[in-house]
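**Q** Now for the letters of each chain:
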Amino acid sequence: MFPRPIAKARPAVRVAYKASLPVALLVWLLPLVAVALTSIRGAGDLARGNYWGWPGEFDLVQNYRAVFVTSPIGLFILNSFRITVPVVAASVALACMAGYALAVYRFRANSWLFFLFVGGNFVPFQILMVPVRDLTLRLGLYDTTLGLILFHSAFQTGFCTLFMRNFISSLPHELIEAARVEGVGEWSIFLRVVMPLMRPAIAALSVLIFTFVWNDYFWALVLIQGNHAMPVTAGLNALNGEWVSAWNLVSAGAIVAAMPPVAMFFLMQKHFIAGLTLGATKG
Amino acid sequence: MAAVSLRGLKKNFGAVSVIKDVDLEIGDGEFVVLVGPSGCGKSTILRMVAGLEAISGGEVRIGGEVVNDMSPKERNIAMVFQSYALYPHMTVRENMGFSLRLARAPRAEAAAKIKRAADILGLGELLERKPRELSGGQRQRVAMGRAIVRDPAAFLFDEPLSNLDAALRVQMRVELAELHNRLGSTMIYVTHDQVEAMTLAQKIAVFNQGRLEQFATPADLYNRPRNLFVARFIGSPQMNVLQGRVKAARDGRVAVSLAHGGEIAVESGPLPLAPGQPVQVGIRPEALAPADEGALVGSVRLVEYLGGLTMVHVAHGAEESFVVQLPGDFRAGLGDTVRFDAAASGVHLFDAGGLLVAAGTR
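If you read the protein sequences in the order shown, they are chains U and X. As numbered in our numbering, residues 1 to 283 make up the first sequence, in order. As numbered in our numbering, residues 1001 to 1362 make up the second sequence, in order.
Quick caveat, the hints were computed from the structure, so don't treat them as lab data. Only a predicted model underlies this, so the values are computations on that prediction, with no experimental measurement involved. The beta carbon of each residue, even a glycine, is placed where N, CA and C say it ideally should be. There may be inaccurate statements among the hints.
Only some residues are given here: those of chain X computed to face chain U with a beta carbon under 7 Å [as the list claims (entries may be wrong)]:
1) Tyr1084
2) Leu1086
3) Ser1099
4) Leu1100
5) Leu1102
This is chain X alone, in the form it adopts within the complex (with noise of 0.2 Å):
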């Protein structure tokens, strides 16, 4: 076990820099998850700290030690990737027990680890299967085992569970969060799953065209997002985004009103925010609430119906839409009008640019 730093790290390809300058301090014994959109760099940064990657520049620190010039034996880490690459001519249990073995490890406590690492994973019956004999679950399991046997000092995962389908996805990510729990081992691991990442970490770095948006506790991310990227990519369905103008900012609140009617207020502190500023209104689906002299008025565009949950898409003005979550026994006809308030707490306000003014905290 050990802590993963990274400072000022950065990878060209060519010409071109797909990892611009990412610090991250990564604790020993923290579930992190790297998260962002395909093609964001979070692979790559992954693959770096493996040692698959070389680095252009900045430092990657595991356990305090540089480790930018090691290959990935010197490392002392285990990956776990999204195609479970097991070994095709071994079966479970020489897969696992490969590294040991060629590490010259003294053969009963190898066969101690293995035994362990199965009986975490249960995989005690599969041991002598060949991987071409398990289902898509069960490699992935032996992926991980493979890992476990090895007492790495931090395990990175590259998108594990993507090859799963749904039901199994869900089951193996309450499995993940039970070997942290029962490991207490520094875990990296990537995902493009906004939900896999709220579930399972500790703390989320979410990514955007090589750059780290932002650094935080899953609720941090959600409640306070330092941008409107990170604002879109956390949280399903995705926060909306209306356009207005600050209309008056006093006392800790800020009335806004929309461009396409109505007005709404926002909770927030001492804010350099002036009457006549053009800013965009974050509102997540869950705070919008039905009410007959609610602010946000539009006409209903699609209902999607998810049994205890119904979403209404509204649209607002010629151009502008919105998402509202509501409980499942609501009902509206197509082209309905009707009228939502959110609560003052829910909304969020971020300038032009894009960055938080102000966060309705709960």
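Chain U extracted, bound-state conformation (with noise of 0.2 Å):
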């Protein structure tokens, strides 16, 4: 078997794993930690240059009060769902329809169509940045919630389909032509006898969108420019002060723009079932 199983290693690869392994966990969340007692520490510790050390005083309620007074938070956080929704929405539903298409029917130019799927995702999105920005300009969504949906919808649609299609040619192919030769029409087997075999491919597609369109930074930079279509990544800049960085303040703000794409994976976390096709077939 492979990997190995650690309990069936020598004894002193044993215990470098078990010093290891709380290290490497530390070294992964410090950022995190950092943020964190950021987010609550006051002015005065930023400014003695006290990043690290046991907080001077402790301004919890007073930080993330600020960032919902003295910012539009709650503007952006809006802005944020707007863009993100739409785009988890349109993205999955395109992507289950074209992966069920790629997968399910053999068509001429079916294995070409998937590698420009596949091919799309290797396209480095910086050098989209002028052209993109042209294109939404020219058709009047530059500056626009609809401009950055349209785009990311299209762009998260070609790793989608990937996914789908390749979660839909692993479900046994018997149960499209039991339904074929049932008299099901084909909207109908997509949408009654796949769809429902979808549900932990479409529940993890959809958090890591979520999660993708959500901590986009770079887009929102380049396409929008006004507080009104502003989501929350890109608006945090807003915290610093004009001439004062207010670290705290941001820290708080970053804590706060995290929390739905967490909430999204817990609300999807029940949908992520193994096994769903259990007794379909023999197996």
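With the hints as a guide, bring the two chains together.
**A** Below you can see the structure in the form of structure tokens.
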């Protein structure tokens, strides 16, 4: 069996493993701990350069209230939702249908089309910056949430389709054939036979795309200028004063901004079920 | 219910021809088994009847109507798959009623059909269960129930029992035969198991490499196989084949001298057999009996004791060997010399090309 269970390794290896695991964990979590700690510091700590030590004062409530009072973070979060939710819905829905077509139907250009979807993921998005900005300007979508929604949907659908196509390919093909022979139409097969079995994939992909899009900073910066459409990631900058860097407020804002993807994960968690197709076939 | 007929049916995958000009007439209400070794094209034919595989040439008729260009949906057939293919997220009741619900069948009518199918198959207790909570045999029954509720023109079975264990397979085989008696529907059944074919079928179509070798009743296939392939495929254990030459042919009796010693007589009608002509002698293991003066001599190579029966493998000359089916109390040691006689009625002669030239009829 590979990898070999750690319990069967030599004692020295086991000790080294057990010792290094907490260290790795700490290194991994350190940035998060720092942000969380900074978010409750007072401005004095930062002025004194006390970034890592014990906080001089605990300004938990003040900081978090300031985030909401001194910046339109409520609007930013709303904008983030207005961008992220449609993108998740559109790209997952499109990917389900495109993935079904690519996985189930045999047609001439099938594999080329599939490669196109896969290949799109290898395009570094930075080189799209200027053309996409020009395109949105000409379409009159520059500085609107719709522009950002359309771009993210288009960009994420490629990866989503790759994911969905492979998931549907792994479902037993006889299920689809059985339904066809039973006289079930293609739409009904997709909606009533295949979709219910795709629940874990849809949940996983939704969480993933939600997090991707929610955490996007680059495109918000490129395509959005005004507060009216600014998502929370790019909007956090507004918490820094014109002359003073209020890192404690930025940190508090970052914590607030990070909550929805975490909530999304726990909401979707119950749909991550293995073995949904159990019993369909001999197995 | 409807007759199914295949005329000049062909299937090509690219340049490879997998079904070569198959003609088959399946009568209304008949139980026909398509049998052959794996890769012979029997499943492909079934899938072409179902509409899951495009037809490259020829035509398929169901109830007299050419269905070549119809989708599976329009053909009104039901198919049971080897892997059951149950909808895993639906209960047994929902699985069976799925097509009725989508076809907007009246609710009471659908419920009655599901109840009838469940009664026939003994699924009454299991209607609210999900497929993962069922055993293999129960799942296969649900798959059949799903077919029954639709009152299809024909039932298609694609190796439905292959995934079941031996005991369950025998039980389901009996249930399938009873199901056919009860419903009287046209059934086309694909299997590679000749025992299943013999026990279930009214008529068997034997396929080899995309060609229909013979289409006949089980008894005809056993007694008058058209060629060596069919002769070997039907019957268990396999028919023994020994090389020989015609010694004399006269008055409906042929005497053949075997390549490795011994002489065998075959009863037949008047046949164009000339002395000296090479022939292949087919002898069923069950047609041989020990005899002190027996013409077939050999030494025992292996004894398989099956309880009621004993299979004795006998080396005959340097290259040939044959199997004899004997009563369970037969005893022989390895290397013993044994002699057998073949009942003249149980010996078949095939020419050098494998075609039947003389069948020993009973």
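**Q** All the hints need checking, so say for each whether the structure fits it.
**A** Okay, the hints, checked on the actual structure:
1. A distance limit of 7 Å between C-beta atoms decides the matter here; for Tyr1084/X the minimum to chain U is near 6 Å, and the interface restraint holds.
2. With its C-beta approaching chain U no nearer than about 6 Å, Leu1086/X sits inside the 7 Å limit, and its interface hint holds.
3. Against a cut-off of 7 Å between C-beta atoms, the interface hint on Ser1099/X holds, since the closest Cβ of chain U lies about 4 Å away.
4. Because the beta carbon of Leu1100/X sits about 9 Å from the nearest beta carbon in chain U, more than 7 Å, this interface hint is broken.
5. Checking Leu1102/X against chain U by beta carbon gives a least distance of about 6 Å; that is within 7 Å, so the hint holds.
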